Amino acid sequence: DAKTTQPPSMDCAEGRAANLPCNHSTISGNEYVYWYRQIHSQGPQYIIHGLKNNETNEMASLIITEDRKSSTLILPHATLRDTAVYYCIVRVGGSNYKLTFGKGTLLTVNP
Amino acid sequence: EAGVAQSPRYKIIEKRQSVAFWCNPISGHATLYWYQQILGQGPKLLIQFQNNGVVDDSQLPKDRFSAERLKGVDSTLKIQPAKLEDSAVYLCASSLGSGRESPLHFGNGTRLTVT
Numbered sequence: 781d782a783k784t785t786q787p788p789s790m791d792c793a794e795g796r797a798a799n800l801p802c803n804h805s806t807i808s809g810n811e812y813v814y815w816y817r818q819i820h821s822q823g824p825q826y827i828i829h830g831l832k833n834n835e836t837n838e839m840a841s842l843i844i845t846e847d848r849k850s851s852t853l854i855l856p857h858a859t860l861r862d863t864a865v866y867y868c869i870v871r872v873g874g875s876n877y878k879l880t881f882g883k884g885t886l887l888t889v890n891p
Numbered sequence: 086e087a088g089v090a091q092s093p094r095y096k097i098i099e100k101r102q103s104v105a106f107w108c109n110p111i112s113g114h115a116t117l118y119w120y121q122q123i124l125g126q127g128p129k130l131l132i133q134f135q136n137n138g139v140v141d142d143s144q145l146p147k148d149r150f151s152a153e154r155l156k157g158v159d160s161t162l163k164i165q166p167a168k169l170e171d172s173a174v175y176l177c178a179s180s181l182g183s184g185r186e187s188p189l190h191f192g193n194g195t196r197l198t199v200t
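Chains as they are written, first to last, in the working numbering: chain B, 781 to 891; chain V, 86 to 200.
Excised from the complex, chain B in its bound form (with noise of 0.2 Å):
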């Protein structure tokens, strides 16, 4: 699976427009993005994923540039609930699904 680089860590105000970036440039043509959470004491949380197209669910949206060597995780209105680590994880599509987690970003959405 191709690896994936994220900022430590990043601020947010409450209510404004969470924008959290991935650089995964060594990504195949196969390859899907993955977000998951994970929430202080708690197990990680699926957000989204992606192949080509951006894509948008009740939690968040995704962007993936168009030569697919980057993402970004939008989550339109931020709250306090959102401080989290979240990972991008890239995988190769297809059967025996597991995921290779790296170190995250930590988002603090600040009130």
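Some hints here could point you the wrong way.
[As the list claims (entries may be wrong)] With a straight-line cut-off of 30 Å between C-alpha atoms, the simulated DSSO-like cross-links for lysine-lysine are:
(1) K883(B) <-> K129(V)
(2) K163(V) <-> K883(B)
(3) K129(V) <-> K96(V)
(4) K783(B) <-> K147(V)
[Said to hold, decoys possible] Derived CB-CB ranges, DEER-like:
(5) N803(B) <-> S187(V): 42 to 50 Å
(6) P166(V) <-> I854(B): 42 to 50 Å
(7) P146(V) <-> T785(B): 27 to 35 Å
(8) P166(V) <-> T845(B): 43 to 51 Å
(9) K156(V) <-> I843(B): 21 to 29 Å
(10) D847(B) <-> I97(V): 32 to 40 Å
[Stated by the list, open to error] Some, not all, of what chain B presents toward chain V, calculated at C-beta under 7 Å:
(11) G823
(12) R848
(13) G884
FYI, nobody ran anything at the bench for these hints, they're computed from the structure.
Model, not experiment: these values are computed from the prediction.
A virtual CB, placed ideally from N, CA and C, is assigned to each residue, including glycine.
Assemble chain V onto chain B, guided by the hints.
Relative to chain B, chain V alone:
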């Protein structure tokens, strides 16, 4: 739906003792994973089951760690004997299948402290 259940929530043991963790996945989920998360790091996969068969245990320290999933439902992870470096949170996760359209659902983990 009920989430992934893990017990105990916390465990403190002395080195060289043994310990076991239990996981009950979401009903109907065929794939079960055990991850180890050391403080300040992301989770690391230890073992993956598909029903009651092992799919991947390449990162499981087999000299001291063992895991089983009887009847393809509940699972237990055992450490015997424990070392200081085994202090970590042990996370269990399950997914409906093993493909990309089946996100992992994690439990809240068991925090193990080895003294």
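Mind listing which of the numbered hints don't hold for this structure, in increasing order? 5, 9, 10 and 12
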